[in-house]
Every structure is written in C-alpha cells, then in structure tokens.
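Undergrad: Protein chains in written order, with our numbering: chain A, 105 to 411; chain B, 150 to 486.
Some clues are possibly wrong.
[As the list claims (entries may be wrong)] Straight-line alpha carbon distances no greater than 20 angstroms define the calculated EDC-like cross-link-like pairs of lysine to aspartate or glutamate that follow:
no. : chain 1 : residue 1 : chain 2 : residue 2
1   : B       : 349       : A       : 200
2   : B       : 349       : B       : 338
3   : B       : 445       : B       : 430
4   : B       : 349       : A       : 197
5   : A       : 293       : A       : 197
6   : B       : 467       : A       : 200
7   : B       : 445       : B       : 431
8   : B       : 467       : A       : 197
Note that these hints are calculated values from the structure, not bench results.
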Amino acid sequence: MTTGLFLTQLLNGVQLGVLLFLLASGLTLVFGIMNFVNLTHGSLYMMGAYFAAAGYNAFDSSFLAAALVAIPGTMLLGFVVERLALATLYTRDHLDQVLATFGLILFFNEVVRAIWGPASVYMNVPQALSGTVSLFGLPYPAYRFAIITVGLLVGLALYLVIHRTRVGMLIRAGASNPQMVSALGVDIKGLNSLVFALGAGLAGLAGLMAGPIVSVQSGMGEPILILTLVVIVTGGIGSIRGAFYGALIVGIVDTIGRAFLPMLLREFLERSVAQAMGPAIASMLIYLLMAAVLALRPQGLFPVRHG
Amino acid sequence: MASGFTLTPRSVFAVLLLVGLGLVPLISGALAQPFYVTLFTRILVFALAALGLNLILGYGALVSFGHAMYMGIGAYAVGILAHHGVTNGWAQLGAAMVVGAAVALAVGLICLRTTREGGGMAFIMITLAFAQMMFFLAVSLRAYGGDDGLPISVRSDFGLFSLQDPNTLYYLSYALLLAVLLGMRRLIDARFGMVLRGCKSNERRMAALGFPTLRYKLAAYVISALVCVLAGMLLANLTRFVSPSYMAWTVSGELIVMIVLGGLGTLIGPVAGATALLLLEEVLSSLKFGLPWLDKLINQHWLGLIGLFIVFVVLVMKRGVYGGLPAGPPTAKGRPK
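Using the sequences provided together with the hints, build the complete structure.
TA: In structure tokens, the structure reads:
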C-alpha cells in the first residue's frame, strides 16, 4: 500500500517536473541566448491555458482543436510581444527587463480577467485519456501519464534539434557568444525571435497540458513561474540539461515532500507540532534545496559548459 | 539638508514633497476627510520600504526582488506578538529587528554568493524565491490565520505615545521617514557608501583594492532589509491586520517600480516614486469619466493599466520623476552627483 502510494506520488512528481521542464527550457534558452530575464513566461503559460480552454469550448470539446489554438496562438503572441516591447530591452540591464516584464504580467492578468471574467475556466481531459493506465501494476491516470510522455518526447526533440541540426548549432553558438555569431553574418535578430517564439510555444504547450488538471484562472502563471525560476537557478542558468534535471528534481522533491513529510514528522514529533510544522516545511522544501545547492555550487548543478 | 542647500529643481522638489507630506494631517483635518491620512500613511510606509531597498538597488545595483518578505516579517512580528497579548511596541520592535536581521544575514549570504560570477541574474531569481518561501511559510501558519491573515486587535503601545490615534501613527511614520532619509544621506556619503557605489561600478576593482566587498554588500543588504522590517511594522499598525499577501511577490515588484519611477539611485526618488505610484493606483481605481462602460473597465482592471504604465516608465522615462530633474543650477553642464 505505502509502496503503491509512494510510486503514485513519484509519478505525480515526475509529471510536475515534466511540466516545469516545458517552461524552464524556453525560459533558460531565452536567458542563455539573449541574456534576457523574461518574467512574462508565466503569462504565456497562462495565455496558453486560456487559448486551449477557448478552443476546447468553441470547437465542441475537441482537445485537438484546443492544441491547434493554444500552441500556435501562444507562439504568435510571444512573437508579437517580443517584437513590440521586449526586443528593445535586450541591451538594457536586468533591472529594466524584470520591471517591464513584471508590468506585462499585471497587464496580461487583467486582460484575461476582462475577457474571460474572474471565475476559473474549465476544460476536460480528452475522452481517450480519461481512464487509467496500469504502471507497475498500479492504476495511474492516463492523462497524467500522457503529460509525462509528451514532456519526455519534447525533451528528446529539443535535444536532437539543439545538438543535431544547423539551427540548434546556431542556438548553441548564440548562447556562448552572440556577438561572434552576429559578426559571422547570422541574422541574430531572427534567431532571437525564433528562440523566443519556440519558448513561447513550449509555454503554450505546458498551458495546454495543464489546462484540464488545474483551474485556469488569472494569475495562474505566477506560482509556476517562480517554481520555474527555482528550477533554472538550481539546474544552472542557461543550460537545457540543467533545466531538465532541475525540473525533475524540483517536481519530485516538492510532490514527495508535500505527500510524506507531514507523515514522517509525526514519527519524531508530537502530533500537534508535526501537524503545524509539516505543511510549513513541505512548502519550503524546494527553496531550502535551492539554498543548499547555491550555498555549495553558486553556478547551479549543471552549469553551461563554455569552451 | 542642513549643509550646502542650493536652489535647484531637485532640491525645490524635495523640499516641497517633504513639507507637503508633513502637512497632510492638517489638510485632511481641515477638509474633514480622514481617509487621506490613511492613504498617505500608506504612502509613507511604502516610501520608507522603497528607501530601504534603494540602498542596495540604487547604490549597489543589487536587484532584490524579495524585499516584501522583510515587510512581512515586521508585520508578522507585530501581529503574532499582539495575538499573544504582547502589545509593547519596544518588545515588538526588538523581536522584529532580531528576526529580520537573522533572516537577512542568512538569505543575504546565500544570495550574494551568486553575484560574484553569475552577474545580477541569479540574485534576482533567488531573492524572489526566498521571498516566496517566506510567503508559503506564512500561508502554512494556521495558528496565525494562514491564508486568511490575522487581525490585530490592539496597535503597538510605545509607552510614551500610543498609535491608536491615526495622526500619531502618521507623524511617527513621517518622523521615521525623515530620520531614515538623513541616515541614508550620511551613509551614502560615508566611506561605507563609497565602497558600495564602487562595487556597483566595478566590484573586481574594489576587491583588488583590498575591500572585502562581500562584507560591505552583506551589511548594506541587512540594513536595507531592516528598514523594510520597520516599514512592515508600521503597515501592520496602519491596517491592524497581517496576511501573507503583504509578502506577495507583486509587492516586491511594486517596491522596485517605486524606486525606478522616482529615480534610481537618488535619495528622494523612492519617496517621490512611492507617492506617485500609490496616488496613481488610487486615482485609477476610482476614476470617473462619465462613460459607464469605460469607468467600469478602468475601475476593475486598473492594475492592467498600471502594468502598461510600468512598461512605459521602463521604456521611456528611464531616469524617473525626480531623477529626471536637473540636479544643478540650469547653466551648469553635466550632472553633478
């Protein structure tokens, strides 16, 4: 029983981790190449979820329609926002970037509240994935399993694109020395836009996948944005590999901690104390993990290898 | 302002702003609008917090995105102690300062380690993450209201004066603001401030000159945090309520906005910025054009307009309201100081 519960929670942790990876990979690429702190990434995730819910409800509860609206929609939105407001900030210092993207978060939150209202918007798990699958003899929700699969496939695809294609080579080159890449005649502006739109698309995908299992509402992007920042800092800023492992570590530690830490504390402490402290410590766990990592390795667990 | 006061647009603005803030309770009393005292106490409190943050943000280029956490610590020190019947303001002050300093030392040490090699980037994210950690800690404190917050039945009692009267609270905040302004002015011109500003422009050179830069930055971080703790205590006394929302990350963001809006790295800038931003919020949330649909849209979604305003400030008004004013006499070329 406990092993079963543990495995289920472990899978939930992986599922959260995979979702975080979809966001962290885009954010870390944008940071690595353009040296740009993009807090609007959480808003793009939120817009992805709203687009998905809108597509889902407009086209007769079709998940495919939701995907076709959400991913290109978020990419387009990301492209427009980048060209209109953010591209001029690439050469500014981080303070300006943080502030401008913070302002955009406030703006997007109110935009969705004005369009879709303050109440949550709902979409359902697609019919084909509404059941459970059997994993290690355990029933596990098929939709959550699908999220894990999609996330891992995206991770693999990103790996192949970045390490095996010409565009990926340019992205890697841009990450280590953007001036040199631009001096060699590569259209760095186009590359920036491409990477930004790619990141936005991944955020939209994350929003789409999360849509049926979270409540889609204004401000939903912020908690996950901050988790994503924890992932990036823990994994090593700018590194896709760091984003992947960091996301899995954060997802698993957070989920397992919340599920089992209160129980574990009850073994050592008095019941009332454990009841009060358990949730408190569990919610702080990933931040403590981050602090520990940074105290020992300020550059993160899997920093970008220069050279 | 005692030494070397010269008549420049900046100094006139500063004097007008500070004198104006000092007159608020009188004006509000004359107009029989006690609401203004509440509004402007809030402005003073946030001006104080922004002033604290400006020490590291404006003079040290350390972008902390988590200073609301220290306001929260101050507010919760008042709330939790009052909940247990300790309403003595000095005891609350002592507890808040000790806890605030301990947290700031630990958090500052970890966060500042990353500024050496990672640039300012990691510092922004980590300060944000730590503030978020505090936020969730406050949410999970069920004994103290958790998510719903904790009402404070009795305001802090400092023996000599009681904060029950709104005007007393206002003038206490005002006096603290002036005191911190003067303190900051001394600090920035002192050797300590010189080293801090030196680190801002070139930390490696300061280290090569033999300054233990980490220690200076850490000291500045702790001082700036403690000013925010103080502001948090005043805020709790003003609202007679504490909740995790005081440490929401948007509050940290707003503090930065106030500084940039007023003028980054200027002494009066944070005060001007806090006044401007909070007044703008107040105006937008109750603006009436006489067109029902437009009024409704603006009054409900004013935060979105604030968001666009922030983008505008960053893109266009780089030097801020106060920072954009000439610091010297009109004929002088360049900008002294």
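Undergrad: Given the hint that residue 467/B pairs with residue 197/A, does the C-alpha gap stay at or below 20 angstroms?
TA: holds (12 angstroms)
Undergrad: Mind checking the alpha carbons of residue 467/B and residue 200/A for me, to see if they're no more than 20 angstroms apart?
TA: holds (9 angstroms)
Undergrad: Below or equal to 20 angstroms on CA atoms is what counts here, so check residue 349/B against residue 338/B.
TA: Distance ~15 angstroms between residue 349/B and residue 338/B Cα, so the pair holds.
Undergrad: Under the criterion that the straight-line Cα-Cα distance not exceed 20 angstroms, is the pair residue 349/B, residue 197/A satisfied?
TA: holds (13 angstroms)
Undergrad: Mind checking the alpha carbons of residue 445/B and residue 430/B for me, to see if they're no more than 20 angstroms apart?
TA: Distance of about 15 angstroms is within 20 angstroms: holds.
Undergrad: Given the hint that residue 349/B pairs with residue 200/A, does the C-alpha gap stay at or below 20 angstroms?
TA: Given pair residue 349/B, residue 200/A holds - Cα atoms ~16 angstroms apart, limit 20 angstroms.
Undergrad: For the pair supplied as a hint, residue 445/B and residue 431/B, confirm whether the alpha-carbon distance does not exceed 20 angstroms.
TA: Since the Cα atoms of residue 445/B and residue 431/B sit roughly 15 angstroms apart, the hinted pair holds (cutoff 20 angstroms).
Undergrad: Does residue 197/A sit within 20 angstroms of residue 293/A, going by the straight-line distance between their CA atoms?
TA: holds (18 angstroms)
When each numbered hint is compared with the structure, no violation occurs for any of them.
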